[in-house]
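**Q** All chains should be modelled from the sequences, with the hints used to inform the complete structure.
So the sequences go chain by chain: A and B. Using the working numbering, the letters of the first sequence map in sequence onto residues 1039 to 1167. Using the working numbering, the letters of the second sequence map in sequence onto residues 1039 to 1167.
Note that these hints are calculated values from the structure, not bench results. Bear in mind that the values here come from a model prediction, so they are computed numbers and not experimental data. Nothing false has been slipped in among the hints.
Chain copies aren't distinguished; within one or between two, either way the pair holds.
DMTMM-like cross-link-like pairs, simulated, lysine to aspartate or glutamate; straight-line CA separation at most 25 angstroms:
{"no.": "1", "residue 1": "K1053", "residue 2": "E1043"}
{"no.": "2", "residue 1": "K1124", "residue 2": "E1143"}
{"no.": "3", "residue 1": "K1053", "residue 2": "D1075"}
{"no.": "4", "residue 1": "K1124", "residue 2": "D1098"}
Number of protein chains: 2
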Amino acid sequence: MNIGEASGRSGLPAKTIRYYEDIGLIRPDRSGNGYRDYSDDDVHKLRFLHRSRGLGFSVDECRQLLALYEDKSRASADVKDIASSKLTEIDRKIRELTELRHTLEHLVHACHGNERPDCPILEELSEHT
Amino acid sequence: MNIGEASGRSGLPAKTIRYYEDIGLIRPDRSGNGYRDYSDDDVHKLRFLHRSRGLGFSVDECRQLLALYEDKSRASADVKDIASSKLTEIDRKIRELTELRHTLEHLVHACHGNERPDCPILEELSEHT
DNA sequence: CTTGACCTTCCAGTAACGGGAAGGTTCATA
DNA sequence: TATGAACCTTCCCGTTACTGGAAGGTCAAG
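**A** Written out as structure tokens, the structure reads:
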């Protein structure tokens, strides 16, 4: 199938699919007219990529996961390691964002938001060392 | 003062300070030898930038905040708007990450992580439509 | 035969810097 | 006075994961 259909079936934009080919994630066949020709297996991989990217894995981590997926002899522990460290990373991001949220919320509530120029938000941004 | 001291006082790397100059956020003087020469006010702005970047504002939002900060006639409501929409954005990010966290945690717990090749994580990534 | 929807490659830009090269300046010290 | 370290300068490339657009080839329908 052409890239348009592969795009529709995988949910990835055609541009992204070409990019994934550029960086060596997939290698579709070519038809006689030079068009890329995707197999069902290719689409399967594209969906795998779409889903793992959506779960926050970097493209490089996706590459590792895809390699593990295709390696029938790999241990599940290898995959679990990648997922676990990603989980730790997500936890850290959530903690940071939550902290940031508290600070910002405090500032937004402190600001009366009227026509007058005095603003606790800017004062805080300005004075804090 | 030279960029090194401005860096030390603001907490921003010299590279970042030069970058902020490139994109027009600050305009320090130049000494006779061609070195950048930062005033206390410049350092004040740099600290402002450091802090607002740390609060998750984009460089462009920082530019707006800095402009508002320097505009003595601005209404505090203008500032509050920017901060509020940033707050909404942070909330969304936290929600997304939390959801993602649940999915990943579920997968990690489902995976026994041993030497055997069967792995629920990869199965999920592969099968999910 | 033409029109429009596909497809191709290539080039450039995004955000926000970081690394490093090649070279000038300043200051303390031997 | 020389020299070496520690500054500073500009410039260019690399990063991440794409997205947009231009110029042009292909294909099916009317």
